[in-house]
Every structure is written in structure tokens, then in C-alpha cells.
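A.B. asks: Chain by chain, the residues run as shown.
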Amino acid sequence: MPDAIERRKNVAPWWGLLFAIGAIGCNAPFFVSPPPWQGTLPWLSLLFVVLALIFLVTGLRRAFGQVQVYRGKVLSVVLTVIALVPVGLAAFVFVSARRLPSSTAAPQIGQKAPDFTLSDTLGRPVSLDQLLAPASSSSSSVSSPESRAPKAVLLIFYRGYW
Amino acid sequence: MEKRLAEFEAAGVRPVAISVDAPEVSRNLANKAGYTFPILSDPDAVAIRRYYILHPEGGPDGHDIARPAEFLVDSSKIVRWTNFTEDIRVRARADQMLAAAKKLR
Chain S
1 MPDAIERRKN VAPWWGLLFA IGAIGCNAPF FVSPPPWQGT LPWLSLLFVV
51 LALIFLVTGL RRAFGQVQVY RGKVLSVVLT VIALVPVGLA AFVFVSARRL
101 PSSTAAPQIG QKAPDFTLSD TLGRPVSLDQ LLAPASSSSS SVSSPESRAP
151 KAVLLIFYRG YW
Chain V
1001 MEKRLAEFEA AGVRPVAISV DAPEVSRNLA NKAGYTFPIL SDPDAVAIRR
1051 YYILHPEGGP DGHDIARPAE FLVDSSKIVR WTNFTEDIRV RARADQMLAA
1101 AKKLR
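From first to last, the protein sequence lines stand for chains S and V. Residue 36 in this note's numbering sits at position 36 of the first sequence, with consecutive numbering throughout. For this note's numbering, count along the second sequence from 1 and bump the result up by 1000.
If we strip away everything but chain S, and leave its shape as in the complex, we get (with noise of 0.2 angstroms):
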């Protein structure tokens, strides 16, 4: 086997931990209030998580498959396995974050808001007839000038658990 040429330096692995890095990077909580843009993120994590497959791979065939070209054999298995831990992440939060039952029975613009009455932080009661009549004494703001019935309640559910 000549080495009359040095081999050439295999980058390609370095490229696949930084792109792994990103994609569990994309998920971490940035935003206090989230910007119009947040919905495209999940899709660069994903992006970034087969961008780094790609580079993994793609190190590994140098550094097995073209021997007499690239160094760095050991260096990509290890860069490859500290990489497929965030990848595999990403990956796994991609899938869990969008497996949510459909909303297709809910009810929808022009239906009727089912009624419901449910417990506030303090206990009491609180019907939708109430969150939709004048506000009197359900929250602090007393004091407050605005005691007109509201347009609207704008109901949102969250996950809870926080």
C-alpha cells in the first residue's frame, strides 16, 4: 500500500455532531412568546437530523471505504456514536410532539361552545354563562372600570403539568 500522497483530513463526521447538535438545538425553549416563525422549527431539527445522518454516513464510507484517501477511523466512530445520541433525540421528540389526537370533532367556527363548570385556582365554581356575564368579583381586579359583560372568552386549554 504506497503513501506516497498524505491522506486527507475526514471532516465529514464533525459536520454530522455539529447538524446533530442543531436539530436537538432547535427544540430547546427560546421563546417566552413564540415568533411567527416557531412553527418552521420542528421542520429544521428534522432537516438537521438527516443532514447529519448524511454527514455520519458519509464519514464513516470515507473512512472504512476510501482508506487510501481519508484518515480518521476511529475518530468517526467515536463522533458518529456521541452524534447518534442527539439524533436519535430529535427524532424522537419530532414523532412525540406531533402525536396528538385529531381535532376534527371539536367543535368548530359557527357551532355551539359546549357548557361547562369547572373549579377556579381558589375552588369556586365557574361557569362559561359566568365567564361570559360582567366580571364582579372572579379575579383580583376588582377595582377595575371594566365590569361590562365580554365580547368573547377566549378559552385555552393547555396541556397542564407544568
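Among the clues, some could well be false.
What the hints assert, rightly or not - The calculated BS3-like cross-link candidates involving lysine-lysine, where the alpha carbons are at most 25 angstroms apart (straight line), are:
(1) V:K1102 <-> V:K1077
(2) V:K1003 <-> S:K112
(3) V:K1102 <-> S:K151
(4) V:K1103 <-> S:K151
(5) V:K1077 <-> V:K1103
(6) S:K9 <-> S:K73
(7) S:K112 <-> V:K1102
(8) V:K1103 <-> S:K73
(9) V:K1102 <-> V:K1003
(10) S:K73 <-> V:K1077
(11) V:K1032 <-> S:K151
Stated by the list, open to error - Covered by chain S, according to a simulated footprint, are these stretches of chain V (three or more residues, beta-carbon under 8 angstroms):
(12) 1003-1017
(13) 1024-1032
(14) 1047-1053
(15) 1071-1080
Calculated from the structure, these hints are not laboratory results. Computed from a predicted structure; not experimentally measured. Just so it is clear, CB atoms sit at the ideal spot from N, CA and C, and this is done for glycine as well.
Following the hints, put chain V in place on chain S, whose structure we already have.
C.D. replies: Same frame as chain S, but now just chain V:
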């Protein structure tokens, strides 16, 4: 959300948050985050089921919870606007909800 509360009030819209969390859990959240809008507890997912947005075993310990959903309900209890995310990481934005609130008359 809390920062824009005055704008919601100006639009005549009262935001109300609902989850399966117990009242004391929500009270802690409200105290810590400084929320002054009503937060309601639906531990048995009664209202959540009525709105057909139950996420069975969606909670961290296999509890039934709500899938994230927003409904703008007018004074005659008609739904005027809805938002259902397809990804729990993509949250409803205050601007989005305010825009819907301001369209009411």
C-alpha cells in the same frame, strides 16, 4: 399572554386557561408567572371531553390531558375562531389570538 392582557380587554375578550391541573397547581403557576386571567381546573377532563380535545394518556404519567386548543366563544356561545396545533412545540401566539379577538364586533 399576560403582557397583552390589556389589549385583550380592550378588544372585549376575556382569556381563560383550562387544564387538568388541580386548582392549587394552577394557583402556583399563576402566582409564579403573575397571571391574572382566570385559570380553570378540569382534573377529570369533563370539559376537555365535551370539547373533543382529549389526549388520552398524553400526560407525563399516563394521565389523560387536553391536546392544546384555543376557542374564541362569543356572548351567544358561538365558536368564532379556533386553533389546533399539530405539534405541541408550536404554541398559539398572542398576536394570532388578538387578531381574531379584534375581528369580533
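A.B. asks: Indicate, hint by hint, whether the structure satisfies it.
C.D. replies: Status of the hints after comparison with the structure:
1. V:K1102 <-> V:K1077: holds (17 angstroms)
2. V:K1003 <-> S:K112: Outside the cut-off at roughly 30 angstroms; violated.
3. V:K1102 <-> S:K151: holds (10 angstroms)
4. V:K1103 <-> S:K151: With a Cα-Cα distance of about 11 angstroms, the restraint between K1103 (chain V) and K151 (chain S) holds, given a limit of 25 angstroms.
5. V:K1077 <-> V:K1103: OK: K1077 (chain V) and K1103 (chain V) at ~16 angstroms, within 25 angstroms.
6. S:K9 <-> S:K73: holds (10 angstroms)
7. S:K112 <-> V:K1102: holds (20 angstroms)
8. V:K1103 <-> S:K73: At roughly 62 angstroms apart (the allowed maximum being 25 angstroms), K73 (chain S) and K1103 (chain V) break the hint.
9. V:K1102 <-> V:K1003: Satisfied, since the Cα-Cα distance of roughly 17 angstroms is no more than 25 angstroms.
10. S:K73 <-> V:K1077: This hinted pair is violated, its Cα atoms lying about 67 angstroms apart.
11. V:K1032 <-> S:K151: violated (29 angstroms)
12. 1003-1017: Satisfied; 10 residues make the cut.
13. 1024-1032: Since 6 is at least three, the answer is holds.
14. 1047-1053: holds (count 6)
15. 1071-1080: holds (count 9)
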